[in-house]
Amino acid sequence: MNRRSFLAVLVFALAQALPVNAEDKFIVVASTTSTEQSGLFGYLLPIFEKDTGIKVRVVALGTGQALDLARRGDADVAFVHDTAAEEKFIAEGNGVKRFPVMYNDFVLIGPKSDPAKIAGGKDILAAMVKIQEAQAPFASRGDNSGTHAAELRYWKDAGVDLAAKKGPWYRDTGSGMGPTLNTASSMNAYVLADRGTWLSFKNRGDLTVLVEGDKRLFNQYGVMLVNPARHPHVKADLGQQFVDWVISPRGQEAIAGYKIGGKQLFFPNAKS
Amino acid sequence: MNTITESLSLAVALVARFDPHLVDIVTLSLRVSLTATALAAVIGLPLGAAIAVGRFPGRPPLIVVLNAMMGLPPVVVGLLVYLLLSRAGPLGSFGLLFTPSAMVIAQTILITPIIAALTRQIVADAWAEYREQLTSLGAGTGRAAMTLLWDTRFSLATVLLAGFGRAIAEVGAVMIVGGNIEGVTRVMTTTIALETSKGDLPLALGLGLVLIAIVLLLNAGAQVTRGWAKARFG
Amino acid sequence: MGDSESGLPIRLRQVAAAPGGVPVLSGIDLVLEAGGRTVLLGPNGAGKSTLLRVLHGLILPSAGLITWGPHARRPGGQAMVFQRPVMLRRSAFANIRYALDLAGIRGREADTRIAEALDEVGLRALAARSARVLSGGEQQKLAFARVWALRPEIVFLDEPTASLDPAAARSVEKIIIDIHARGTTIVMTTHNLVQAKRLADDIIFLHAGRLTERTPAPEFFAQPRSVDAAAFLEGERL
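Residue numbers (our numbering), protein chains in the order written: chain A, 1 to 272; chain B, 1 to 234; chain C, 1 to 238.
The following block holds chain A by itself, in its conformation from the complex:
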């Protein structure tokens, strides 16, 4: 190998970097792991792209992280599930307007052996109390996500003072839905999860759904365009097309059309 061929290889390697086609129309959507890992985006976005020619690049994080990303102007649209945090986001002037899009539900999952005896219950708050009293292992997201926020709400509404009652039974994993489910599966712990991620989760071990159907387990998703007044580079036009499409009859129908094993995961409710 002589000097010239070495240089040629080097130049070739450098030339491989890397601009993605500047011609493509695309937006960056900050969303949550539940929408991505449930497979919804994999189903929905090709339809959107066919209708509008716009490619969507999804960065999937926890709700807190996703909103943080949007706050910094690193995304064009935010699509998350924590109504309180979303309204705060709008109030801060980071987003233009919040539109409800769809809901899915949370389910309380646990080992078949069910040490806290909550199986078949219809009351999420009662179930949480039983888990705490039995000091049964519970895996928490602990990552500032919509699911985590919901979990904390349930403890609070059930009257459990988590700070005081926390013990070795409460496992704060600080990670996404998938990893938390993995942890719960290997520890035979109880865990709160969104139905979508659960249905597509493959490493179940001894876990099964124990409590579902309580109206309080209903999990609302909202979509917001990041405020172009604050972040001028935001692709306001393309982003607005996404927002409009997702709440349009076409988008809502597409959302309803997504099923796993014949079961619908997300229920469109933009009108309500």
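Mixed in with the good hints there might be a few duds.
Covered stretches of chain B, going by a simulated chain A footprint (3 or more residues, C-beta under 8 Å) [stated by the list, open to error]:
1) 44 to 54
2) 81 to 88
3) 94 to 101
4) 195 to 207
Don't read these hints as lab results, they were simulated from the structure. Virtual Cβ for every residue (Gly too), placed ideally from N, Cα, C.
For chain A, the structure is supplied; the task is to place chains B and C on it using the hints.
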């Protein structure tokens, strides 16, 4: 053991049918890490040689710092580059975040210290052997550094391989600055992380085995080349 | 470059040298004129190699003054051969070309000189071979070919045949004589008194870091002027 055998057959199946998804992911991984290695080489090789051959105040502490930076945690590098490239950050206007270019930048920062520090060691050892002769022939510091870089090229090839290995195996940096976006910034390691978090362990492990196989192949090729070179050039 | 003026004679005035902080030479006064075949002799640790390197500008004096002709810093037109040859990982031909390039000689002129040099040392057939796979003797001859091609004013030789077999050593001695015949000044160290007798016209004797005596060679070997030199010769003869 079941997961492992399942993973093995999955891996073989994926490779055998040239699964297009897999091909895309592998291609992107190679492009990102090879480019980062090339850039790190352009910076690190002359830097290492200059420190090896030069004499200037602050050289010993600089060597210590350089060696320490070999251990930069990828996730920390990722975070720093993210803060730089974020719209809210100093280099935000370039719009590089969540693109393969950002991943290249992060990995380049990660492995340049490795290449520079190891180059420094190799060139310094060669300098000890050649110093008197090169000085006698009238080579200045700059010329000597270049001559030594070329003369130690086979050992340096190993250094580049080490840098590449570190780059293609890391997940912390590319996850943060790339965003693991399907079809755009998803590489082998981030896919493995994703599949693991989805609980699809056989697929994750299968991809992992493919990754290991690729790295093994590259290393084997390099070893053969070095053997040939040693016999030919001494 | 200002180098066009000769770097000879080399003048040392009260030069001391302490490489790596260790004192080796002291109080050296010396004028080295052009044209001779000077051999440095002395017991181990006397400072012969150090003095050689000071003369070649590889070691800076820790005291005293050294000049090369009118120059305060070592000019071009010098070369050195070490006890063990140091070759680059490239062909024999390319090694010589590298040295010539550093001396500003390139292209056809360089090619001619290289061919001539390889012929002089009998290595023409190995021109394309990688230098580092050659035998020790061949590499040392290549080092001399390098000197031959450079046509320096003065060449310094540090125990040039110490690691060679007798046949190769004799070859190299002939090359040294040829180099001198072409007009290059020779300064050499050796432990081999018989070799010194064969090659030297001028002896510099060092003892414990001091220049004890400088005498024309025949006179030195017949009857040295200093006690230390006499003791040295006596010891070497035993």
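Against the structure, the hints:
1. 44 to 54: Contact hint for the segment 44 to 54 of chain B vs chain A: violated, 0 residues under 8 Å.
2. 81 to 88: holds (count 3)
3. 94 to 101: holds (count 6)
4. 195 to 207: Check passed, 6 qualifying residues.
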